[in-house]
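S.K.: For chain A, the structure is supplied; the task is to place chain B on it using the hints.
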Amino acid sequence: MKPFVVEKAQLGDLIDALSKEYEVFGPAQTDKGYYDWQRLDGDRLPEFNNGVTKSSIKTFFFPQPEVLFEFKARANEPDAFRLKEPQCDSATTLLFGVRPCDARSVTLNSMPYANDPYFQKRVSDTVIIGLLCSEGCSTCFCKWIGGSPTGKEGMDVAAIELDDVFFLEPISEKGQQILENVAPVRSPLEKEHEAAEHFLEKAKAQEGTQDTASTLRSKELMHLYEAGFWKQVSEPCINCGTCTFLCPTCYCFDIQDETLRGKGRRIRYWDSCMFPLFTQHASGHNPRGDKLKRVRNRFMHKLKYFPDRFGPVSCVGCGRCVRDCPVNIDIRQVLRTMLEL
Amino acid sequence: MSSLNEKITKQIQATAKSMLDSGKVAAFLGYTKGTLPGTMQPFVARNAEEAQRLCWNSFCVLNLANYLPALLKSLEPPRKRGEPPPEGPLPRVGVLATGCWSRNMVVQIQENQIERDRVVIVGISSRGMVSRRKVEEFVGFQDITSIDEQENSLVVKGNGFEEVINRWDVIRDNCKTCIHPDPVIYDELIGGLSGDRKIPDRFRQVEEIESLTVDQRWEWFQKEISSCIRCYACRNACPLCYCPTCFVDDSRPQWVGKSIDEVDTSLFHILRAYHCAGRCTDCGSCESVCPMGIRMRLLTKKLQKDVFELYGFEPGLDLDTPLPLSTYKMDDPEDFIITDIKKGDQK
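Top line first, the protein sequences correspond to chains A and B. Take 1 as the starting number for the first sequence in the numbering used here and just add one per residue. Take 1 as the starting number for the second sequence in the numbering used here and just add one per residue.
Only chain A is shown next, with the shape it has when bound in the complex:
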């Protein structure tokens, strides 16, 4: 598809133009200091060059909470307990500057959520303008697990940051249409084409050949189920939800009916396999009652059970769990250990 460019000086105009049709979000500094997804407009521009944002883009696809349906909860009212579709916010979302790891997470999450109308609607209502990486961070490892700093999976448009412009390559029909109909973009000059090519070649040259995912797939990992290293890995764990809640490919949820003053709704909200309650049975029995079992399950789910069912490893290598784990449990170390054993 035909690429475009936008001058950096005109980025504000582009965001403004896109804001007419979309709620535009991008990485920007928060009042807490770190970079996270923020609502953008012509005056609030995205800020890049800081690796991945604090939160992953799953916050846009798995809202906290997702209202599944609503109902009247007083028996004497007409239509009592009849399920109604939730009122959906009509605006569509455009995410500007999504890194390849985050964009790829949408593809991976679409596998278990293939038949989930809520997730699928949000995916189809969202435009992802990706931003390819020129270099990795100290915590990211997308190359290990089937991704790439220049991967375009899951994107509608793939952007490359050059000196004065962003080079915009449409990936999907949706992306193509948006770029064709938005004013502050133009066709790239010959030298901009060359610079984009150069960017990709340079990034490719830096890419290693380490493909941990394939090696892992070829191993019989169930032999490691009872391995001793899980005790060492899980010993410092405090069983918080930081890893799972910041992870772009952790999608587990719980469901609850909330009723208040005659109105009821069923909500779906984030749950974490790190919490004891996640697997607690009504009888009181808990099949994953201690933290070793929970920590093992998190890694085994990502690296064994998910690939068994869907193919790829359920991790995009963004490194958020590595960066923010309060006790420094590092999935890269776990991967290495699993390969060595």
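Since the hints were derived computationally from the structure, they do not count as laboratory data. Treat each hint with caution, since some may be false.
16 Å max Cα-Cα, derived EDC-like pairs, lysine to aspartate or glutamate [claimed, not checked]:
1. A/Lys-231 x B/Glu-224
2. B/Lys-157 x B/Glu-137
3. A/Lys-2 x A/Glu-197
4. B/Lys-134 x B/Glu-149
5. A/Lys-174 x A/Glu-21
6. A/Lys-231 x A/Glu-161
7. B/Lys-223 x A/Asp-31
8. B/Lys-73 x A/Asp-290
9. B/Lys-176 x B/Asp-215
10. A/Lys-32 x B/Glu-224
11. A/Lys-143 x A/Glu-153
12. B/Lys-7 x B/Glu-136
13. A/Lys-263 x A/Asp-79
14. A/Lys-32 x B/Glu-137
15. B/Lys-134 x A/Asp-31
16. B/Lys-33 x A/Asp-79
17. B/Lys-134 x B/Glu-163
18. A/Lys-32 x B/Asp-264
19. B/Lys-223 x B/Asp-264
20. A/Lys-143 x A/Asp-211
M.R.: Frame of chain A; chain B shown alone:
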């Protein structure tokens, strides 16, 4: 590595080794190096070889007392519910303790969560721990590839930058206002004691918020917790939080809603803080582990101030003074209780 940290590390390793070798303890709880600059990992050494992995620096931010009850229990021989413990002493744990960690151990002993004779406390006077977030902020949240701690500075390097940061500038807020850096109970001591510190304005952060109007305070609180993702890292990093079922996990009745509705998040933070009243030692674990940078420690600091003003009490300073909120005295202050007489006064 600073020579001071190197010295302490060697002493910790030697102490742990000798305790493990002699069978005085079955496990030694300390810290080992993390995989990222500015991170340390809580670590349990169970033999002399593992003791060599113990390490010390200014990034030991999670209160080790947190691990003690479960670790002690894991060392007991397995037995059925209701069965009495075996005769003779149970296996002991060696544990490092700074001022606040040791004070939390005192609270744990007072609240019957651990037994004094099952812990061998190795005291270290704290020079204050560094806030990794403050370091990140200092370098504009650029990717940090190495942090080298010197005696009084940190050399922070990343792709295309190198900064030398004064250590005290990036010390955690709780450590900056700490007046009890020395361990209050210990069986062995590493390094010397440094004595209580005098900090005239140690409640300044709280007083600033107290000086706001009710609406402004509410606004401050809402803004502070707006980024909460309900991961419960603050709760789980706290040595005071040991309830078998936390109030947020109760389902019959369900006290708190489950999603990040602001009412539910507010309720969680307020209740969590109140559960720590008169028990919190301001160790700063909660704030250090929060992935979203919420300063929830200011809530418990306010309660610490209230308890200090009302009861003249600071938690965990000695084993003999009972905790004020689990004790009744005839002359307990009750100015905050709205009585008929008080209502009459106001008319």
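S.K.: Compare the structure with each hint and give your call.
M.R.: Against the structure, the hints:
Note on A/Lys-231 and B/Glu-224: the hinted pairing is violated, with a Cα-Cα distance of about 36 Å set against a maximum of 16 Å. Only pairs whose Cα atoms come within 16 Å are accepted, and B/Lys-157 paired with B/Glu-137 is accepted, the gap being roughly 14 Å. With a CA separation close to 15 Å, the supplied pair A/Lys-2 and A/Glu-197 stays within the 16 Å bound. Taken as a hint, the B/Lys-134 and B/Glu-149 pair is honoured in the structure, with Cα atoms around 15 Å apart against an allowance of 16 Å.
At roughly 13 Å between alpha-carbon atoms, A/Lys-174 and A/Glu-21 fall within 16 Å of each other, so this suggested pair holds. Between A/Lys-231 and A/Glu-161 the CA atoms are separated by roughly 44 Å; this puts the pair beyond 16 Å, and the hint is violated. Taken as a hint, the B/Lys-223 and A/Asp-31 pair is honoured in the structure, with Cα atoms around 9 Å apart against an allowance of 16 Å. A threshold of 16 Å between alpha carbons decides the hint, and for B/Lys-73 with A/Asp-290 the separation of about 13 Å falls inside it, so the pair holds.
Restraint check for B/Lys-176 and B/Asp-215: the C-alpha separation of about 29 Å exceeds 16 Å, so the hint is violated. With a C-alpha separation of about 9 Å, the suggested pairing of A/Lys-32 with B/Glu-224 holds against the 16 Å cut-off. A distance of roughly 14 Å separates the Cα atoms of A/Lys-143 and A/Glu-153; the hinted pair therefore holds under the 16 Å criterion. Restraint check: the Cα-Cα separation between B/Lys-7 and B/Glu-136 comes to about 27 Å, which exceeds 16 Å; the hinted pair is violated.
With a C-alpha separation of about 12 Å, the suggested pairing of A/Lys-263 with A/Asp-79 holds against the 16 Å cut-off. Straight-line distance between C-alpha atoms of A/Lys-32 and B/Glu-137 comes to about 9 Å, which keeps the hinted pair within the 16 Å bound. Between B/Lys-134 and A/Asp-31 the CA atoms are separated by roughly 14 Å; this keeps the pair inside 16 Å, and the hint holds. Between the alpha carbons of B/Lys-33 and A/Asp-79 the distance comes to roughly 61 Å, so the proposed pair goes past 16 Å and is violated.
A hinted pair counts as satisfied when its Cα atoms are at most 16 Å apart, and B/Lys-134 with B/Glu-163 qualifies at roughly 13 Å. With a C-alpha separation of about 21 Å, the suggested pairing of A/Lys-32 with B/Asp-264 is violated against the 16 Å cut-off. With a C-alpha separation of about 14 Å, the suggested pair B/Lys-223 and B/Asp-264 falls inside the 16 Å cut-off, and the hint holds. Restraint check for A/Lys-143 and A/Asp-211: satisfied, since their Cα atoms lie roughly 7 Å apart, inside the 16 Å limit.
Checked against the numbered hints given earlier, this structure breaks hints 1, 6, 9, 12, 16 and 18; the rest are met.
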